[in-house]
Amino acid sequence: MDRIVIEGLGKRYGRQWALRGVNARFAPGEVVMVIGPNGSGKTTLIKCLLGLVRANEGAIHVQGREVGADPTYRATIGYMPQLAEFPRELTVDQLLRMMNDIRNARSGSTDDRLIKALGVDVLLDKRIGTLSGGMRQKVSAVLAFRYRPTVLVLDEPTAGLDPVSAHTLLNAVQETRRNGTTVLITSHIMEEVQQLGDRLAYLQDGRLRALLAPETILDITGETSLSKALPKYLAQLPSAHVESL
Amino acid sequence: MWKVCKYTLIDLARNRFALGYAGLLLLVSLGLFLLEGDPTQALISLTQVALALVPLLTLIFTVIYFYNQYEFTVLLAVQPLHRRSILLAQLLAVTIAMLVAFFFGLGLPVLVYCPNAAGWTLLLTGAALTAVFTAIGGLVAVKNRDRARGVGIGLVTWVMMVLVYDALLLWIMFSFSDRPIEPVIVPLAALNPIDLARILVMLKIDLAALLGYTGAVYQQFFGSAGGMLVAFVALLLWVLLPATWAVRAFARKDL
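Residue numbers (my numbering), protein chains in the order written: chain B, 1 to 245; chain X, 1 to 255.
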């Protein structure tokens, strides 16, 4: 059974459609890299999935439950936003406790491996207002993975992270995928897309123009790197083409 | 809701602006009581300062705090929580924090130097104004995505309530001075929470006599149990209406 089902999704801001006619199905254990130019609808797609914006058309189902007013489906979702901002006067430990309380997480039920792997364990007593952007990003990564989500949404997760932490995070993605978590990642880094993605979802002008494995694009274009193959592949697509799923 | 409220309060307890607000009120209150020989005179001056300062600083602080928390609020909205619980929790926490700062900064000096009915009325109306302007600040922040625009609307709201509304009332009173318009002025004054608070404090200090017939009408209306009930309901509505509006708007808002 598909973990996420998107059917005829459309979102309009004023008269402008940010997303239109998007259909997609994502399976358990699949990593989907959501890519596209700025303003293509990536963020809107993710926000629709998270229930942050309401679609004007269509629907999204997560584990068979329609995304809507009932927030309980979000207990299965982990989210790492592009910009990690938390209450400045809380300590990292207090923030983790707050999220534990909200999630009703019992002691021992959380996945705390990233706390040590990313070096967040030495930040626990520090006030968030004193942390750098990269440190806050690490805390954000910890929160996203901590409650063993079955759907993990990462919005440009390695932006702002040092190379070692970025590597640790990408390893964690691989590990969580092996446990059956569906992972959606937005990224502009083609190496990441090629390395991590089972499929890439290419959005342009609010339309899903392609949803297929990176290897397929490499095979079609005869290129060895995705950064060269993707423009070549897109150039041969008819403008109104939407990849059938 | 209580979980979010608890941690928002912990955050606010160390907030420099909230601490500065309490310190400023303490400084102004102590300064007035120590400089004025007569505690009642000091209370009159403090009333004028407090009824302008408390709404302004509460409103601006609330608006800025909500904008500063926007990204975190989005993260909370991705948790298994109802949106209305998130906003109610944040509004409640900011209200509690500002009330604590208000009672520490203004309440303690008033209770030490002027612990009479007028002093208590100033504290209660000041507390009501704190709740009113936190709710209005929350509404302004929810309805306006742009921070500068939100702060601007907050300032305009304050100017309208503190200055423009009073000026309009004065203009009406002046223009229709040859007619018995006091029965109209009383409910009009009650529509503005700051005016309502000022009237309630003035009545307790017995300044209503200085206002002539208008003062007598105020005394007659707000001096009665029914009048006090109307004042209480008016202030309660000033809290509930913007808070409800903010919560509903936040529940439907695209974040």
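Among the clues, some could well be false.
Using 27 Å as the maximum straight-line C-alpha spacing, the simulated BS3-like pairs for lysine-lysine come out as follows [stated by the list, open to error]:
1. LYS126(B) / LYS6(X)
2. LYS253(X) / LYS6(X)
3. LYS3(X) / LYS253(X)
4. LYS143(X) / LYS253(X)
5. LYS126(B) / LYS143(X)
In short, the hints are calculated from the structure, not lab data.
These are the hints, each one checked on the structure:
1. Between LYS126(B) and LYS6(X) the alpha-carbon distance is near 19 Å, which keeps this suggested pair within the 27 Å criterion.
2. For the hint pairing LYS253(X) with LYS6(X), the CA-to-CA distance comes to about 24 Å; that is within 27 Å, so the pair holds.
3. Taking the CA atoms of LYS3(X) and LYS253(X), the gap is near 22 Å; set against the 27 Å cutoff, the hint holds.
4. Taken as a hint, the LYS143(X) and LYS253(X) pair is honoured in the structure, with Cα atoms around 9 Å apart against an allowance of 27 Å.
5. At roughly 34 Å between alpha-carbon atoms, LYS126(B) and LYS143(X) are farther apart than 27 Å, so this suggested pair is violated.
Of the hints listed earlier, the one the structure fails to meet is number 5.
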